[in-house]
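Q: For the sequence shown, the working numbering begins at 8 and goes up steadily by one.
Hints may be right or wrong, so weigh each one.
[As the list claims (entries may be wrong)] Pairwise CB distance ranges, derived in the manner of DEER restraints:
hint: 1; residue 1: Ser13; residue 2: Arg36; range: 28 to 36 Å
hint: 2; residue 1: Asp75; residue 2: Ala50; range: 16 to 24 Å
hint: 3; residue 1: Thr60; residue 2: Glu15; range: 32 to 40 Å
It is worth saying that the hints were derived from the structure and are not from the lab.
A virtual CB, placed ideally from N, CA and C, is assigned to each residue, including glycine.
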Amino acid sequence: MADKISIEGIAYIVERIVERAREAAVESRGDRKDSFKDGRALAYYEVLDILRTEFDVREVSLDRIGLDFDLERELL
Numbered sequence: 008m009a010d011k012i013s014i015e016g017i018a019y020i021v022e023r024i025v026e027r028a029r030e031a032a033v034e035s036r037g038d039r040k041d042s043f044k045d046g047r048a049l050a051y052y053e054v055l056d057i058l059r060t061e062f063d064v065r066e067v068s069l070d071r072i073g074l075d076f077d078l079e080r081e082l083l
């Protein structure tokens, strides 16, 4: 098992989370009365927001890992 992960590996993981987050946002917008779908979309948003903050503090390029977009506009 690797002790460290590359930026490319992190970018791949983030890409998968972003893809699911976008799907959850679309589902939530399609049925605003479904609290589960709304909560799922919000949870993905929160995970990505935490990742963005942590990478920003560590001066990791958000562009390199695929988090260089407006989370609020796209996911909420």
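Q: Please go over all the hints and tell whether each is borne out by the structure.
A: Evaluation of the provided hints:
1. Ser13 to Arg36: 28 to 36 Å: With a Cβ separation near 34 Å, serine 13 and arginine 36 satisfy 28 to 36 Å, so the hint holds.
2. Asp75 to Ala50: 16 to 24 Å: Holds, at about 21 Å.
3. Thr60 to Glu15: 32 to 40 Å: Check failed, 21 Å falls outside 32 to 40 Å.
Consistency note: the structure conflicts with earlier hint 3 alone.
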